[in-house]
Amino acid sequence: MLRYILLRLVLLVPVMLGVSLLVFVLLHLGSTDPALDYLRLSHIPPTDAAIAEVRHALGLDRPLYAQYLSWLWKALQLDFGTSYLTGRPVFDDLLYYLPATLQLGGLALACTLLLSIPLGLVAARWQGRWPDHAVRAVTFLGVSMPNFWLAFLLIALFSLWLGWLPPLGRGGAGHLVMPVLAIALMSMSINARLLRASLLEASGQRHVTYARARGLPARQVWGSHVLRNAWLPLVTATGMHIGELIGGALVIETIFAWPGVGRFAVSAVLNRDFPVMQCFTLLLTGLLMVCNLVVDVCYAWLDPRSRLEGVSA
Amino acid sequence: MQQPGNRKRALWGLLLLAASTFVNAEDATQNAPTLVYSWPVNAGPLDPRGYAPNQMYAQAMVYEPLVRYSASGTIEPWLATAWQVSDDGKVYTFTLRDGVRFSDGTAFDAAAAKANLDAVLANSQRHRWMELVTTLDHVEAPDRLTLRLVLKHPYYPTLMELAQVRPLRFGSPQAKPGEPAGTGPWMRVDSRLGEYDRFARNPLYWGPTPAYGEVLVKVIPDPNSRALALQTGELQLIQGAAGEITASTFVRLRDQGFATALSAPLATRSVAMNTGRGATRDLAVRQAINQAVNKQAIIDKILYGLEPRADTLFAPNMPYADLGLEPYAYDPALAARQLDAAGWRLAPGNTVRSKGGEPLSIELVFLGTSALQKSLAEVLQGELAKAGMHIELRAVEEGALVRRQRDGDFGMIFADTWGAPYDPHSFVSSMRYAGHADYMAQRGLPIKDQLDQRIGQVLASTDEQQRAEHYRFILTTLHQQAVYLPISYLTAISVRRDSVAHVQFGSTLFDVPFETMTPQQEH
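Keeping their order, the protein sequence lines are chains A and B.
Final position of the first sequence in the working numbering is 313; the numbers increase by one with none missing.
Final position of the second sequence in the working numbering is 836; the numbers increase by one with none missing.
Chain A extracted, bound-state conformation (with noise of 0.2 angstroms):
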């Protein structure tokens, strides 16, 4: 399992190569100038001379090889360059944004799973009955509903008319109830079917019927042979699930003005800053590569035979 885990680790590194190759290719093979856009912010006409000028500052003048060099060479020492637009250390950004996208990705997580596991159980306990046609029409709606608009109408509702929690900004507890409802609710509802499908799919294997027809009470079939196989896909899907959760702190932390990568992102992107993009690409990647492993880790752990496969792997 070790070796297997460390395995896993070690194929991290030409993962994130080819990744940071990938998108640095992609983001200098296309016609955009970030020299521009840093014209553009600090309201200085766009003229050649001055065109040259900032590309030369920004070193975007040099040979894409050239600059993919340097940038990996200080990357192995962990300095990601600075922002083009704010002239600081990326990483040193990044780092001092991540508190609070995990904060607010981490609670989003708790909440998904707390939410969707006696959501599920209820729906597939009592499917048919209204139990379940209630938490069909609550997940139906969270994974229609985008998440911005989602989000707005949260504020609507507790900020502007009820005046119960805070519309923006990082604080107290108030303001993460907002911004965790609008990522999670999506993971939440699609968790919740998954686990509703898998618990039915599960109880109508033979190994359930024989366990009844052995006369064991409801509860322990439920405990020990159907939720027991039950989890396996959802161990899955709340992997994927994470990067989801990310994805969706790019689009709430903006609208939240909530300070963490994702909004940075937004704007890195919005604004060609590629240092920013380039960082923040890697260090999502890693962190979804990472959140795999646990998984798989967690599924080896639940399933002696992936334990198997896995080891043989």
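The set of hints was computed from the structure by calculation and includes no laboratory data.
We treat Cβ as the ideally placed atom computed from N, Cα and C, and that holds for glycine.
You can take every hint at face value.
Label pairs and their computed distance ranges (CB to CB):
#1 His56(A) with Val463(B): 28 to 36 angstroms
#2 Arg62(A) with Gln438(B): 14 to 22 angstroms
#3 Thr347(B) with Val290(A): 41 to 49 angstroms
#4 Gly589(B) with His56(A): 30 to 38 angstroms
#5 Arg441(B) with Tyr65(A): 26 to 34 angstroms
#6 Pro99(A) with Ala610(B): 45 to 53 angstroms
#7 Glu508(B) with Leu21(A): 33 to 41 angstroms
#8 Trp73(A) with Pro759(B): 52 to 60 angstroms
#9 Lys489(B) with Trp73(A): 31 to 39 angstroms
#10 Leu26(A) with Ala684(B): 19 to 27 angstroms
#11 Tyr210(A) with Glu508(B): 54 to 62 angstroms
#12 Ala610(B) with Ala57(A): 44 to 52 angstroms
#13 Glu453(B) with His56(A): 27 to 35 angstroms
Guided by the hints, dock chain B onto chain A, whose structure is given.
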């Protein structure tokens, strides 16, 4: 044995008194009201000569110019109380205001002012977009309160450019890194990345003390969130000319009863036409375009009626621009007659006019990521189609747009003027240089050389009357030659809660005069 106890009590009494004074002093600053404003990003390091990420609204709060640009386009004394210009227009001698100190306690005198301007000259490559920087030869400080600017050649907009927010304002030469100090009414006391910047009034300010004790500027990037924050009371003021909220949101807030205001014209939203290429080479076509577009309908439908209609390249409130030029009135019938007379005829069954086999087709280039330009382009296309002109819309991204401006690769292109205080002199000056859309648009004019010559003359002119005459020639020629289709005048917007009074606009696109605003009881 009594005495030590008494001393102790006296000491405690003194301590308590001192503590209470301290608490009172704390209260005094805490009780002075705070104005809450917002901006999409942090104010930046606040370098008086820095560009992005330094935000101009914040630089204008902290740093002050020698002379100030007023909303009516005139120049007022500021850190300089008086000035003289030599007869040859090459030496500007300023008398500095006495008793002015930077917020770090350093005196503002001629030496400090010279140090700032020398720093600009030492880095002139970076600032050469501003013509004064390339024109300035050297700076002298003959005595404590006299500052002399010696130019290489006469340049009349010297005072206008000194008034700009950067790079010719003054920071303390003794300022420590990360602790910017200017002479302005405000100083930054706190900043949290991604959250806010807090400005407190400068206790050493030479002018009237602002009514607000602090200005808290929250970082809010999203315009809709900004509007909601105002509605919930998290913000007290939305003001600016950089799309702080959309026009529709402005109208909604106004309808909900918030106090709103629009500034005087600050710049012009216009379309430049290429006189050197395609159908727009023909004066009749350019004039017909000016007559065939219903600007008021565009303003009402797309701009929510918020911007005044523009009939000339510069608004009459800009310096030298109040010339009484006769507008091209909206008259589609006249446009059609004019096109017919010029030989652009509509063949039976056709919807597009043509002349000698060449269809009247013009490529309109716009920034594809700008929803507003896209809407304007589509309406222009519809309006001109009614007059038998085919407008081919070409959405491009920013880099391509600049390349097309530089190469003159357009039939028509959106080209807003630069706004106060750059208009008209800096904008007109740029018309002489290849690489500007305006140069490329005008290069087909038979009198382009003469026009450029007059622009050179107006900038070097030392005689007020002569200057006005040059401007009359330049602006009248551009108007008569219909090089531009002015659409509307850009304005700054302001929406406030009742808790803020005396809200005024700055005289440029970039400043917000918080120091004039006063708190009042919210109804």
